Amino acid sequence: KQEVTQIPAALSVPEGENLVLNCSFTDSAIYNLQWFRQDPGKGLTSLLLIQSSQREQTSGRLNASLDKSSGRSTLYIAASQPGDSATYLCAVPTSGTYKYIFGTGTRLKVLA
Amino acid sequence: GAVVSQHPSWVICKSGTSVKIECRSLDFQATTMFWYRQFPKQSLMLMATSNEGSKATYEQGVEKDKFLINHASLTLSTLTVTSAHPEDSSFYICSAKTGLEQYFGPGTRLTVT
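Listed in order, the protein sequences are those of chains F and U. If you read the first sequence in this note's numbering, its first letter stands for residue 1, the second for the next number, and so on. If you read the second sequence in this note's numbering, its first letter stands for residue 1001, the second for the next number, and so on.
The hints are simulated quantities; they were obtained by calculation from the structure and are not laboratory data. Bear in mind the structure is a predicted one, so any value in this text is a computation, not a measurement. Among the hints, a few may not be true.
Unchecked claim - With a Cα cut of at most 27 angstroms, we get these calculated DSSO-like pairs of lysine-lysine:
hint, chain 1, residue 1, chain 2, residue 2
1, F, LYS42, U, LYS1041
2, F, LYS68, F, LYS1
3, U, LYS1041, U, LYS1066
4, F, LYS1, U, LYS1055
5, F, LYS42, U, LYS1020
When you get a sec, could you build the whole thing from the sequences and use the hints?
Encoded structure:
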């Protein structure tokens, strides 16, 4: 059974810092992994989608890496800004299906 | 990019009534849609898989008679919460699958008073 864990659960950093969010999953037979952002009381915003054949994806100040063999993904945020404050979720599909299992999220607060 | 909408974005209903939530894929067809639920300060949990033209499949512990799902067309799935109770208050999010990609809706916040 796929389980997804995110560390840390919460993070508070001063503006401008580079930071890394971690996601680990137990079943490496995945076809992709997604990172989402969720603002309080809002829906999901897809940030990055990494296919199983890829090692990383970049979008602006965001870079996500994927190591299937070790069951890990990291989301790197460069030069953090207060507007980056949100909960970040990673999600992977369960083996052989398209059903996503979500991690518990990392609540990020970037202080001005 | 592909867009998924949900309607309404939020709804308040009285205990015992039913409420319907719509999920639409606006610019693509989706034979499969998924419904997730998120309780406060928790992550999303899959409730059911909605397949166009056939019955939905529910995850363990989800009452299919309470959460009625209808996938009447390739662009629309509906979730009806029947005889809603305060414990059904939650954030409901749908996603629509096209090929290997899955796109998520903005969510519907349901409050049952």
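Please work out if F/LYS42 and U/LYS1020 have their alpha carbons no farther apart than 27 angstroms. Status holds; Cα separation ~19 angstroms.
Checking one constraint from the list: CA of F/LYS1 to CA of U/LYS1055, max 27 angstroms. Satisfied? Measuring from Cα to Cα gives roughly 24 angstroms; hence the hint holds.
If you draw a straight line from the CA of F/LYS42 to the CA of U/LYS1041, is it 27 angstroms or shorter? holds, 12 angstroms
When you check the alpha-carbon spacing of U/LYS1041 and U/LYS1066, does it fall within 27 angstroms? With Cα atoms ~24 angstroms apart, U/LYS1041 and U/LYS1066 stay inside 27 angstroms; holds.
Is the straight-line distance between the alpha-carbon of F/LYS68 and that of F/LYS1 27 angstroms or less? Holds: F/LYS68 and F/LYS1 sit about 16 angstroms apart, inside 27 angstroms.
In summary, this structure violates none of the numbered hints.
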